[in-house]
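Trainee: Spelled out, the chains give:
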Amino acid sequence: MEKMKIKMLYADIKSDIEVIENELEQALNSSSHLLNDASVHLLQAGGKRIRPVFTLLSAKFGDYNIDRMKNIAVPLELIHMGSLVHDDVIDNSDMRRGRETVKAQWNNRVAMYTGNFIFARALQYVTSIENPRAHQILAKTMVELVNGEVIQIEDKFRLDQSLKDYFRRIKRKTALLIESSCELGAVVSGADEKTARHLKRYGYFVGMSFQIVDDILDFTATDKQLGKPAGSDLMNGNVTLPILLMKDDPQLAPYLTKVAVAGLTEEERQNMLALVRNSEAIKEATHISNLYLKKALKEVEALPKHPMKKKLRDIALFMGKRKS
Amino acid sequence: MNATSITQSVQTLKSNILQHVHHRALLQNVGQPTLQEEQLFFIQLPFLNGALMNDEHQISAVTVGIVHASLTEHEKVKEVEATSKEQQLLVLSGDYYSGRYYQLLAQSGNISLIQKLSEGIVNRCEHQIRVYEAQKRSFEQWIESLMVIESELIAQYYDVYGFASYTELMKRTLTYIRLKKELDLLKKGQPCFLYKAFAADSIMMDSIIEALQDHLYDMERQLREDLTNIDLKDELKHSIEQYITF
Numbered sequence: 001m002e003k004m005k006i007k008m009l010y011a012d013i014k015s016d017i018e019v020i021e022n023e024l025e026q027a028l029n030s031s032s033h034l035l036n037d038a039s040v041h042l043l044q045a046g047g048k049r050i051r052p053v054f055t056l057l058s059a060k061f062g063d064y065n066i067d068r069m070k071n072i073a074v075p076l077e078l079i080h081m082g083s084l085v086h087d088d089v090i091d092n093s094d095m096r097r098g099r100e101t102v103k104a105q106w107n108n109r110v111a112m113y114t115g116n117f118i119f120a121r122a123l124q125y126v127t128s129i130e131n132p133r134a135h136q137i138l139a140k141t142m143v144e145l146v147n148g149e150v151i152q153i154e155d156k157f158r159l160d161q162s163l164k165d166y167f168r169r170i171k172r173k174t175a176l177l178i179e180s181s182c183e184l185g186a187v188v189s190g191a192d193e194k195t196a197r198h199l200k201r202y203g204y205f206v207g208m209s210f211q212i213v214d215d216i217l218d219f220t221a222t223d224k225q226l227g228k229p230a231g232s233d234l235m236n237g238n239v240t241l242p243i244l245l246m247k248d249d250p251q252l253a254p255y256l257t258k259v260a261v262a263g264l265t266e267e268e269r270q271n272m273l274a275l276v277r278n279s280e281a282i283k284e285a286t287h288i289s290n291l292y293l294k295k296a297l298k299e300v301e302a303l304p305k306h307p308m309k310k311k312l313r314d315i316a317l318f319m320g321k322r323k324s
Numbered sequence: 001m002n003a004t005s006i007t008q009s010v011q012t013l014k015s016n017i018l019q020h021v022h023h024r025a026l027l028q029n030v031g032q033p034t035l036q037e038e039q040l041f042f043i044q045l046p047f048l049n050g051a052l053m054n055d056e057h058q059i060s061a062v063t064v065g066i067v068h069a070s071l072t073e074h075e076k077v078k079e080v081e082a083t084s085k086e087q088q089l090l091v092l093s094g095d096y097y098s099g100r101y102y103q104l105l106a107q108s109g110n111i112s113l114i115q116k117l118s119e120g121i122v123n124r125c126e127h128q129i130r131v132y133e134a135q136k137r138s139f140e141q142w143i144e145s146l147m148v149i150e151s152e153l154i155a156q157y158y159d160v161y162g163f164a165s166y167t168e169l170m171k172r173t174l175t176y177i178r179l180k181k182e183l184d185l186l187k188k189g190q191p192c193f194l195y196k197a198f199a200a201d202s203i204m205m206d207s208i209i210e211a212l213q214d215h216l217y218d219m220e221r222q223l224r225e226d227l228t229n230i231d232l233k234d235e236l237k238h239s240i241e242q243y244i245t246f
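These protein sequence lines are chains G and Z, in that order. Using the UniProt record's numbering, the letters of the first sequence map in sequence onto residues 1 to 324. Using the UniProt record's numbering, the letters of the second sequence map in sequence onto residues 1 to 246.
These are calculated hints, taken from the structure and not from any lab test. All values derive from a computational prediction rather than experimental measurement. Honestly, I wouldn't trust all of these hints.
[Stated by the list, open to error] Computed list of lysine-lysine pairs in DSSO-like fashion (alpha-carbon distance at most 27 Å, straight line):
#1 Z:K14 <-> G:K171
#2 G:K156 <-> Z:K85
#3 G:K258 <-> Z:K14
#4 G:K156 <-> Z:K14
#5 Z:K14 <-> G:K140
#6 G:K156 <-> Z:K78
#7 G:K140 <-> Z:K85
Could you build all of it, start to finish, from the sequences and the hints given here?
Mentor: Set out below in structure tokens:
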């Protein structure tokens, strides 16, 4: 169902998304059998390709040319893919999108080399773009992305963190790459400054909403929908919005104490999930996500008249209401 | 120029690199990045031998050092059970340094070096991962892989700035140093690249050690010959000789 919706949303740029898919396949081609296997493994795991989609849609507001735009859309997706491979080492995750992770199928070191290979391929690709501003945006994004991850590790199991801490973290961890996808689409296609600024802000707000929905789904979706055990974020020590909103609930307290010390049994995990799912925190978190969506839609309104405005609106709404 | 000024130049580069990758949380948890003195020496070699260094060269030298640091951090990640906070931050320190090198070159608009270094990283990763592939390779092929791992990035950097006349010497010396370290680890029965490379082939380690020793003797002889033919200041030749004393 979700996949069908995505296909419909991408319909206008279907042939260009196919170009990106083919380019991704080529970019991951290597003289090493193992790197090829790991890359095929990643490509087959799929993904929503939201970053390239945002780049291409944003580029429609400038001088659109897929042969030029692929040189920024492909690296953005590669950077996302590479960071997932390394994240799985950090989170000790064996499953992602219902498939074994690179680190689980081979080992951590293979995952490190694979991630580095993908990052380097991304940079090889992007160097066909001569605009120095594009490189500066992308480089800053890469650095901030890591900073977000470092903060996440430092904040692990830290229940005294504020909502501000959480928002700052997800901004760096997720929103920035989506923000940059939109901004880079605009910058590389030569869209005017004002349009680029609105698209950048749109990307930021969508990215924030996207991550909050992700954090909600980690509790509300099923293991099957997630392709990994529900509640994994908390089990890995990542204190996300739903938990921050209900951390003082006395019923939740024993789970929070235990998860940090010894982890939860399967029965405890199920009970904890039931508690969170039935709490007001999910509604509150959804409300906050919707506030970001509204801000994103406001940015769309401020864009010049263009057929792609409706698409940006639809995708933002889809991202905010998705179920997996 | 004397030995002190060579050391000083290497130390200055080291300080510059550390300054550009400074990160409070990473420093606290994983310490400073590992920078190999011999790599830094070869990054500086053309300038120590008289080439004029401008601002672009200076930043470029720093970024080559940062890329080495980045990839070395990832070599410290355990194959299994990398679950401690330190291990998690090792993954991120490598990624952070990698982002910083790109950021520095993007700021200075040096797209051609970004292109060459990323090409070098791809090549290096392809050789690093070989020890996990099932395919059997010869002793020479494994030595070739180690040569790529040790020297590829500096070779790409030399290429950008027209210092290719130093490439062969740099490649041989850095490979020699690495092989010497590999030999020491093999003798102690400790894990290393070549140990992994040959472990699956059930070849006796003693015969590998012997072949490696022979190879090192040949390399040393070749390197000494190279040093007599290359246009290099005597102090620099002397520094390289110190690296290759078996």
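Trainee: All hints are to be evaluated individually against the structure, with a verdict given for each.
Mentor: Each hint tested on the structure:
{"no.": "1", "hint": "Z:K14 <-> G:K171", "in the structure": "violated, 33 Å"}
{"no.": "2", "hint": "G:K156 <-> Z:K85", "in the structure": "holds, 10 Å"}
{"no.": "3", "hint": "G:K258 <-> Z:K14", "in the structure": "violated, 45 Å"}
{"no.": "4", "hint": "G:K156 <-> Z:K14", "in the structure": "violated, 33 Å"}
{"no.": "5", "hint": "Z:K14 <-> G:K140", "in the structure": "holds, 23 Å"}
{"no.": "6", "hint": "G:K156 <-> Z:K78", "in the structure": "holds, 21 Å"}
{"no.": "7", "hint": "G:K140 <-> Z:K85", "in the structure": "holds, 25 Å"}
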